[in-house]
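Line by line, the protein sequences are chains A and B. Just so you know, the numbering used here puts the end of the first sequence at 234, numbered straight through with nothing missing. Just so you know, the numbering used here puts the end of the second sequence at 591, numbered straight through with nothing missing.
Bear in mind the hints are in silico, worked out from the structure with no lab data behind them. Any given hint might turn out to be false.
[To be verified] Not the full set, but computed from the structure, chain A residues with beta-carbon under 10 Å of chain B:
#	residue
1	2
2	16
3	21
4	26
5	27
6	35
7	38
8	39
9	79
10	82
11	86
12	153
13	172
14	175
15	200
16	203
[As the list claims (entries may be wrong)] Quick list of the computed label-pair ranges, beta carbon to beta carbon:
#	chain 1	residue 1	chain 2	residue 2	range
17	A	31	B	226	54 to 62 Å
18	B	503	A	100	21 to 29 Å
19	B	530	A	58	44 to 52 Å
20	A	185	B	439	53 to 61 Å
21	A	144	B	463	53 to 61 Å
22	B	437	A	141	44 to 52 Å
23	B	540	A	184	46 to 54 Å
24	B	292	A	3	44 to 52 Å
25	A	3	B	241	46 to 54 Å
26	B	540	A	141	30 to 38 Å
27	A	100	B	540	34 to 42 Å
28	B	225	A	29	55 to 63 Å
All figures in this text were calculated on a predicted structure; none of them were measured in a lab. For every residue, glycine included, the Cβ atom is placed at its ideal position computed from N, Cα and C.
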Amino acid sequence: MPNSAWKKYVLAFVITAAIFVTALYISNQISAARVNEIAATQDKISLDIAASETQFALLGERSCESVGESTLSDEMGSLAAKLSYTEGRLGSDNPEVLQQKKYYSLLEVKDFLLSKKMTEKCGWKPVTILYFYSNDGDCPDCANEGYVLTHLRQLYPQVRVYSFDYNLDFSIIDTMRTMYHIKGPLPALVINDAKATYGFQDEDTLINSSPQLKALAKAAAAAAKNATTTPTR
Amino acid sequence: MMDLLNNFVYIPLFISLYFEVFLLITFFEGKRTIKTEEARSSREVPSVTLIVPCWNEETTVAHTLDSILALDYPKDKLTVVAVNDGSTDGTANVLQDYAERFGITVYTKENGGKHTALNLGISRAQSEIVGCLDADSTVAPNALREIIKYFDDPEAMAVTPSIQAWQPRTLLQRIQEAEYDMSIFLQKTLSMLGALTVTPGPFSFFRTRVFKELGPYRHAHSTEDMEYAMRMQKARYKIVNAHTAYVYTNTPKTFKGLYRQRRRWTYGFLANARDYRELFFKPRYGHAGVLTMPFRFFTVFSALILVSIIITNAIHSVLIKLSQWSAINYHNLFLSKSFDFFYVNPSTVVILEILTLMFAFILIVGGKNLAKKQLFSKDIIYFYGLLAPFWLGGAVWNFMRAKNVAWR
Numbered sequence: 002m003p004n005s006a007w008k009k010y011v012l013a014f015v016i017t018a019a020i021f022v023t024a025l026y027i028s029n030q031i032s033a034a035r036v037n038e039i040a041a042t043q044d045k046i047s048l049d050i051a052a053s054e055t056q057f058a059l060l061g062e063r064s065c066e067s068v069g070e071s072t073l074s075d076e077m078g079s080l081a082a083k084l085s086y087t088e089g090r091l092g093s094d095n096p097e098v099l100q101q102k103k104y105y106s107l108l109e110v111k112d113f114l115l116s117k118k119m120t121e122k123c124g125w126k127p128v129t130i131l132y133f134y135s136n137d138g139d140c141p142d143c144a145n146e147g148y149v150l151t152h153l154r155q156l157y158p159q160v161r162v163y164s165f166d167y168n169l170d171f172s173i174i175d176t177m178r179t180m181y182h183i184k185g186p187l188p189a190l191v192i193n194d195a196k197a198t199y200g201f202q203d204e205d206t207l208i209n210s211s212p213q214l215k216a217l218a219k220a221a222a223a224a225a226k227n228a229t230t231t232p233t234r
Numbered sequence: 184m185m186d187l188l189n190n191f192v193y194i195p196l197f198i199s200l201y202f203e204v205f206l207l208i209t210f211f212e213g214k215r216t217i218k219t220e221e222a223r224s225s226r227e228v229p230s231v232t233l234i235v236p237c238w239n240e241e242t243t244v245a246h247t248l249d250s251i252l253a254l255d256y257p258k259d260k261l262t263v264v265a266v267n268d269g270s271t272d273g274t275a276n277v278l279q280d281y282a283e284r285f286g287i288t289v290y291t292k293e294n295g296g297k298h299t300a301l302n303l304g305i306s307r308a309q310s311e312i313v314g315c316l317d318a319d320s321t322v323a324p325n326a327l328r329e330i331i332k333y334f335d336d337p338e339a340m341a342v343t344p345s346i347q348a349w350q351p352r353t354l355l356q357r358i359q360e361a362e363y364d365m366s367i368f369l370q371k372t373l374s375m376l377g378a379l380t381v382t383p384g385p386f387s388f389f390r391t392r393v394f395k396e397l398g399p400y401r402h403a404h405s406t407e408d409m410e411y412a413m414r415m416q417k418a419r420y421k422i423v424n425a426h427t428a429y430v431y432t433n434t435p436k437t438f439k440g441l442y443r444q445r446r447r448w449t450y451g452f453l454a455n456a457r458d459y460r461e462l463f464f465k466p467r468y469g470h471a472g473v474l475t476m477p478f479r480f481f482t483v484f485s486a487l488i489l490v491s492i493i494i495t496n497a498i499h500s501v502l503i504k505l506s507q508w509s510a511i512n513y514h515n516l517f518l519s520k521s522f523d524f525f526y527v528n529p530s531t532v533v534i535l536e537i538l539t540l541m542f543a544f545i546l547i548v549g550g551k552n553l554a555k556k557q558l559f560s561k562d563i564i565y566f567y568g569l570l571a572p573f574w575l576g577g578a579v580w581n582f583m584r585a586k587n588v589a590w591r
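In isolation and in its complexed conformation, chain A is listed as follows (with noise of 0.2 Å):
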């Protein structure tokens, strides 16, 4: 073949291999885009938490007629979705992705610590689920739970899901198994302050397990029963 054919031959691969770049690219910049959507979401969340924490500061006991339940934020569970979608994208090693688990895991203490001042001072009834889980391959029923978790939320909204990388290299993470003693196999749930239970439970198992969640489930079937019983007139 005469030398102008090869020539044909580089151009065609370095025209396909500029395709390439630029698909890798065009990628690459938008899953960059939705980590910054993340921080951005993350900011917002750290402003209103330590907006909320000033005023139950200023206000005390009062407090609990000027904060109303949108104090605690319905971010919270989007943007876990959100982060374990791009983890799956990026890596789990990804520094991006792994700084954003630890400003994450950051608010998410911050949020459990709100909610049981306000359960405490305004007696509200929220169930707080603390849910430890690994993605390291050392746990093959955590993205089961975390499933399970998210259909309870979605299914009860006064229900309130903390999940933390067992894993992830960062103090707080740290205290917090310290503090609520969780050794055993994950995942790990830790059910309105109650003692620790380790391994998989489905749904059922799940709500029957704990008296407040069971109360719940009991109260939304009364209130889909009464709805479709309740005559409109």
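We have chain A; now place chain B onto it with these hints.
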């Protein structure tokens, strides 16, 4: 495991995209030549023998012969020969009728396969040019003139036509139409590169001396038209494509028919490629050796690899969904979730797959443009992509077991 599989996907994607880019570069380089070719008409009118091999074609052969008789070519220069290859239906009567009314030549022999029918016709041909037309195809009136003008080039040893699907009606046929259109583009571009590796059964023409020099057709795993082109490439004989010589071929209506046809083609390619393996990656055989043969061989497997990855991923997601459903004790799986743009995040593979499909679509439109057809009609290439692995798989399976496939 899934990650490994998903990373493996880049190799077939890269090679497919590379081939598409290569073809498009070639096409745009040679666009002006195509215009000149289209405007030109033949300088000479050589004598031509047109052979129609028939085996139980009583329902279609009349249509084929009518289109041949309507060809715009001097009658004294065109000999039409029908070879009855031991038909057991009414083919003989139809041929006899045409012989009496229109003076076509009819040879009758014992059944021996299409290649034997062609060889009989070729061995008795006295003309300068010889060609054949399958008895399930028809030709446009100017097709022969369009073919013959390419023989003005003294180096051209064979000229192939532009094959189109005849009146596609069903979904399956429309899918095939898109594929034939893409093939028109491929044939033309590969012709510019001198890299054609098939001289299709319907309406390919040769200088008669080619058969004297390279020998007659062989059985060649029921795909004698591929084998002959490979034999010519090995001898460095020039094959060119006349994209304005339209031939219309009947396409299978049923999936089973299509499956059998394509499995035969794919098997034939694999087996012939094995017989002509010395062509692979050898620059002395030009682009046919470096580009066409390796790529066609690779395509068979890459399509299988891509689809097995897609299927594995699909099964994997279904299993995950099932296990999630069981984790929530089969309660309502689909709680209302508002759409979030966050999750629209195409991975590199998806972007590349879309691009590869887009390029394939450009090739189809390019083929339609060459064939002077309406550019955008109902083409469903994606669906075709999903069907292809069936016969690719069937052919590879037969090839591995070295089982031969009947030519119909």
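Tested hints:
no. : hint                           : in the structure
1   : 2                              : holds, 5 Å
2   : 16                             : holds, 5 Å
3   : 21                             : holds, 7 Å
4   : 26                             : holds, 9 Å
5   : 27                             : holds, 6 Å
6   : 35                             : holds, 6 Å
7   : 38                             : holds, 7 Å
8   : 39                             : holds, 9 Å
9   : 79                             : holds, 7 Å
10  : 82                             : holds, 9 Å
11  : 86                             : holds, 6 Å
12  : 153                            : holds, 8 Å
13  : 172                            : violated, 30 Å
14  : 175                            : violated, 29 Å
15  : 200                            : violated, 13 Å
16  : 203                            : holds, 5 Å
17  : 31(A) with 226(B): 54 to 62 Å  : holds, 58 Å
18  : 503(B) with 100(A): 21 to 29 Å : holds, 28 Å
19  : 530(B) with 58(A): 44 to 52 Å  : holds, 46 Å
20  : 185(A) with 439(B): 53 to 61 Å : holds, 59 Å
21  : 144(A) with 463(B): 53 to 61 Å : violated, 46 Å
22  : 437(B) with 141(A): 44 to 52 Å : holds, 46 Å
23  : 540(B) with 184(A): 46 to 54 Å : holds, 52 Å
24  : 292(B) with 3(A): 44 to 52 Å   : holds, 46 Å
25  : 3(A) with 241(B): 46 to 54 Å   : holds, 51 Å
26  : 540(B) with 141(A): 30 to 38 Å : holds, 36 Å
27  : 100(A) with 540(B): 34 to 42 Å : holds, 37 Å
28  : 225(B) with 29(A): 55 to 63 Å  : holds, 56 Å
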